[in-house]
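Asker: Residues per chain, in single letters:
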Amino acid sequence: MRFGLGPLTIEPAGGKNHVDVYEEALEQAVIAEWWGFDSVWVGEHNFTPDSFNSSSSVIAAAVAQRTTFVRVGMMPTLGLVNAMYVAEEAACVDNISNGRVIVAGQVASDAVARGWGGQNSVERIVDDVAVLRASWGPNPFSHHSDFHTIPGEIDVHVQARGLDRISVQPKPAQLEMPLWISGGATAAQVARELNVPFFAPAHFTLDELRPFYAGRDSSDNGQIVPIARDVFIAPTTEQAYELAGPAIAELYASLSRAGVLDHNEDFDKLVAGRFIIGDPDVCITSLYEYQNELNANYVVARLAYHAMHAGETSKAIQLFGQAVVPEFRMFGLPEEIRRVV
Amino acid sequence: MAPVEVGVGIWSLQSTKAGPRHFSYLYRELMEDAQFVDELKTIKTIWQTEHHFWYDGYCPSLLTVAGGIAAATKHIRIGQSTLLFSEHEALRVAHQAAVVDQLSGGRLDLGLGLGYRDNEFDGFNIDRRTRRPRFEEGIEVLRRSWADGPVNFEGTQFTVPDVEVTPKPYQRDLPIWVAAVGENPIKRAAKMGASIILSDALTLDQLSSHIELYYRTAEELGVDVSRAKIGVLRRGWVAETDEEAFSQARPSLKFLLREQLGGWRYLVDERGEPVGFDRPAELDAAAARLIAVHERTIGRPERVIRGLREIAATGCTHIIFGTRFDSLPRQKYLRSLELLATEVIPHI
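Chains A and B supply the protein sequences, listed in that same order. FYI, the numbering for the first sequence is 62 to 402, going by our numbering. FYI, the numbering for the second sequence is 41 to 388, going by our numbering.
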């Protein structure tokens with residue numbers, strides 16, 4: 062199993078301003094890299110009353126600059142604008158990071174799609190992905206569909222006349238940009254059609270996730286089956302709840318105000334089947350459940366909540382890296398060594 | 041007169057035919073350069089430049105890359121000379137600029153231009169004839185996006201319903217600079233009260249008259265431009281001696297003007313008509329005229345100080361010192377920046 066940190070939400074909370082939380086997010090990315098995480102993920106949400114980060118590509122570039130080894134998870138919302146913009150931005154971040162980008166395209170909510178005059182249908186997202194792939198590929202291309210006309214054929218464009226293909230520049234550093242799709246039922250359907258990893262957001266319960274992940278078998282073909290979870294870890298479960306409970310509750314209240322969730326339940330109800338909060342044993346047990354039930358083999362753990370003191374987050378990232386990650390990544394870890402930490 | 045500010049640029053991240061590089065190398069070098077000039081303190085701004093679908097990978101996504109620059113630096117301002125605004129979706133620029141500004145703690149100078157290459161508009165399926173209304177409506181979308189409350193905009197190019205852009209920029213009044221090439225664009229910029237970036241193709245006399253036109257127009261229209269800045273792009277290079285500076289910079293400057301700008305029909309003949317590769321003799325002449333202009337800011341520190349003072353005397357308040365030439369040795373490049381920061385800027 063592999064592990065990422067995030068998706069980072071980066072909203073001002075806990076009396077911090079935006080400048081504070083952006084810097085905090087970059088520092089957390091570096092800490093995750095130090096403690097052996099595989100990736101750091103930057104989310105994006107538009108039009109949120111609590112001012113979540115609204116541009117994944119800008120902050121992905123910042124994470125790419127600050128880190129050296131971790132992959133940079135970029136989560137642009139697809140279907141809102143011409144996919145060429147997303148293709149260019151991702152290629153730039155891939156070069157800043159020397160080939161470390163994973164793109165997880167998000168499917169917009171109805172409200173966000175309406176705000177942009179965009180679409181969130183399966184057809185549109187599939188079409189955007191086709192444009193992304195053609196843009197990142199080595200050949201000049203053209204693409205004509207219900208949603209894109211590339212290149213445009215506009216009579217007055219004298220210089221461009223007769224050029225029936227286009228080449229997006231620069232090309233990504235990677236030969237093939239890893240592409241996942243994130244969101245709800247539409248995203249799951251798109252991922253199935255495209256045969257790419259479906260990446261569930263953290264707010265779905267295990268029960269809600271089962272149909273989305275049905276048939277995704279990672280056991281023998283090397284397929285990535287990613288999942289995002291809200292996680293917090295401390296030496297004891299009581300401490301974990303005490304430290305992170307209010308911060309996670311505040312995050313979910315914000316997500317609810319933003320329309321990302323259609324419910325705002327009591328914290329106790331939210332926890333069930335959704336959050337992984339506890340000591341290392343609790344976290345390990347819970348992650349085995351996701352591994353067994355969904356075949357998940359790539360866990361992106363949020364761990365970072367801006368309503369908390371950043372120092373507590375740093376400790377949690379370290380503890381997760383030392384006490385949980387080895388359980389899943391170090392196959393054959395001798396029991397004598399396991400007991401050391 | 042307030043002391044003139046000096047910025048450096050313009051970073052394009054090109055892997056050119058003469059100097060092919062891995063793009064990751066170019067982007068890493070940009071971040072290292074940004075840290076280098078950030079620590080020099082006297083350089084006010086680092087400027088980026090944009091094109092799309094150009095054969096050498098000319099950087100297309102300035103605000104995304106600005107996120108990396110912001111993460112690499114602490115003090116320096118980050119500007120675009122320019123982001124080709126009419127080729128973008130204004131609402132996307134509004135979001136990304138706000139995020140860069142927050143990330144950098146208020147260090148963004150958003151420089152906007154119209155864009156002019158047909159092929160670039162084609163890539164986004166935008167009719168080039170709409171570039172002016174796209175620009176003007178786009179500015180309105182930016183302003184409403186950054187003000188408190190929802191946007192609500194309905195134009196011929198952009199429609200943004202009842203949504204509120206968050207986060208807002210860090211700077212309450214995020215500076216917008218507009219590329220003003222020619223008299224009408226200067227008048228439009230003055231009407232907006234925007235800071236301007238004047239072309240690198242102008243002589244000193246032309247600069248003076250353009251700047252005078254800007255202030256006169258603002259006064260006639262009653263627009264307060266007291267806080268607006270007058271920027272100009274000038275190519276330049278500093279070395280220990282004039283001979284060294286010329287031998288290092290001149291061939292690259294000639295290539296830049298003749299092949300690069302020539303390829304975009306950016307240069308003009310003596311009648312002001314654009315010239316391209318189809319008129320090689322006129323293109324050579326136009327490039328030669330510009331080399332004479334830019335040579336005044338190439339040389340040992342004393343010579344460059346004189347050249348920059350001449351520009352400041354035209355009323356310009358921010359000089360974008362264009363040091364990015366193709367294929368120059370890196371150590372000499374960093375030395376040029378260091379001399380600029382320590383031996384030139386403090387003495388203008």
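Treat the hints as calculated values from the structure; they're not laboratory data. Please note: incorrect hints may appear among the correct ones.
[Said to hold, decoys possible] Listed next, with one range per pair, are the computed distances between beta-carbon atoms:
(1) B/Pro314 <-> A/Leu224: 15 to 23 Å
(2) A/Trp96 <-> B/His115: 27 to 35 Å
(3) A/Pro296 <-> B/Pro369: 53 to 61 Å
(4) B/Lys294 <-> A/Arg318: 29 to 37 Å
(5) A/Asn78 <-> B/Glu284: 44 to 52 Å
(6) A/Lys376 <-> B/Asp264: 37 to 45 Å
[Claimed, not checked] Capping the alpha-carbon separation at 20 Å, the derived lysine to aspartate or glutamate pairs in EDC-like fashion look like this:
(7) B/Lys208 <-> A/Asp81
(8) B/Lys372 <-> B/Asp282
(9) B/Lys208 <-> A/Glu85
(10) B/Lys208 <-> A/Glu237
(11) B/Lys57 <-> B/Glu299
(12) B/Lys114 <-> A/Asp81
(13) B/Lys372 <-> B/Asp96
(14) B/Lys372 <-> B/Glu342
(15) B/Lys114 <-> A/Glu311
(16) B/Lys372 <-> B/Asp264
(17) A/Lys232 <-> B/Asp245
(18) B/Lys114 <-> A/Asp111
(19) A/Lys232 <-> B/Glu342
(20) B/Lys114 <-> A/Glu85
(21) A/Lys77 <-> A/Glu311
Idealized CB from N, CA, C, for every residue including glycine.
Asker: Does each hint fit the structure? Answer for all of them.
Answerer: Evaluated hints:
{"no.": "1", "hint": "B/Pro314 <-> A/Leu224: 15 to 23 Å", "result": "holds (19 Å)"}
{"no.": "2", "hint": "A/Trp96 <-> B/His115: 27 to 35 Å", "result": "holds (30 Å)"}
{"no.": "3", "hint": "A/Pro296 <-> B/Pro369: 53 to 61 Å", "result": "holds (55 Å)"}
{"no.": "4", "hint": "B/Lys294 <-> A/Arg318: 29 to 37 Å", "result": "violated (59 Å)"}
{"no.": "5", "hint": "A/Asn78 <-> B/Glu284: 44 to 52 Å", "result": "holds (48 Å)"}
{"no.": "6", "hint": "A/Lys376 <-> B/Asp264: 37 to 45 Å", "result": "violated (52 Å)"}
{"no.": "7", "hint": "B/Lys208 <-> A/Asp81", "result": "holds (15 Å)"}
{"no.": "8", "hint": "B/Lys372 <-> B/Asp282", "result": "holds (14 Å)"}
{"no.": "9", "hint": "B/Lys208 <-> A/Glu85", "result": "holds (19 Å)"}
{"no.": "10", "hint": "B/Lys208 <-> A/Glu237", "result": "violated (35 Å)"}
{"no.": "11", "hint": "B/Lys57 <-> B/Glu299", "result": "holds (11 Å)"}
{"no.": "12", "hint": "B/Lys114 <-> A/Asp81", "result": "holds (13 Å)"}
{"no.": "13", "hint": "B/Lys372 <-> B/Asp96", "result": "violated (23 Å)"}
{"no.": "14", "hint": "B/Lys372 <-> B/Glu342", "result": "holds (18 Å)"}
{"no.": "15", "hint": "B/Lys114 <-> A/Glu311", "result": "violated (31 Å)"}
{"no.": "16", "hint": "B/Lys372 <-> B/Asp264", "result": "violated (43 Å)"}
{"no.": "17", "hint": "A/Lys232 <-> B/Asp245", "result": "violated (42 Å)"}
{"no.": "18", "hint": "B/Lys114 <-> A/Asp111", "result": "violated (26 Å)"}
{"no.": "19", "hint": "A/Lys232 <-> B/Glu342", "result": "violated (42 Å)"}
{"no.": "20", "hint": "B/Lys114 <-> A/Glu85", "result": "holds (15 Å)"}
{"no.": "21", "hint": "A/Lys77 <-> A/Glu311", "result": "holds (14 Å)"}
Violated hints, listed in ascending order, are 4, 6, 10, 13, 15, 16, 17, 18 and 19; each of the other numbered hints is respected by the structure.
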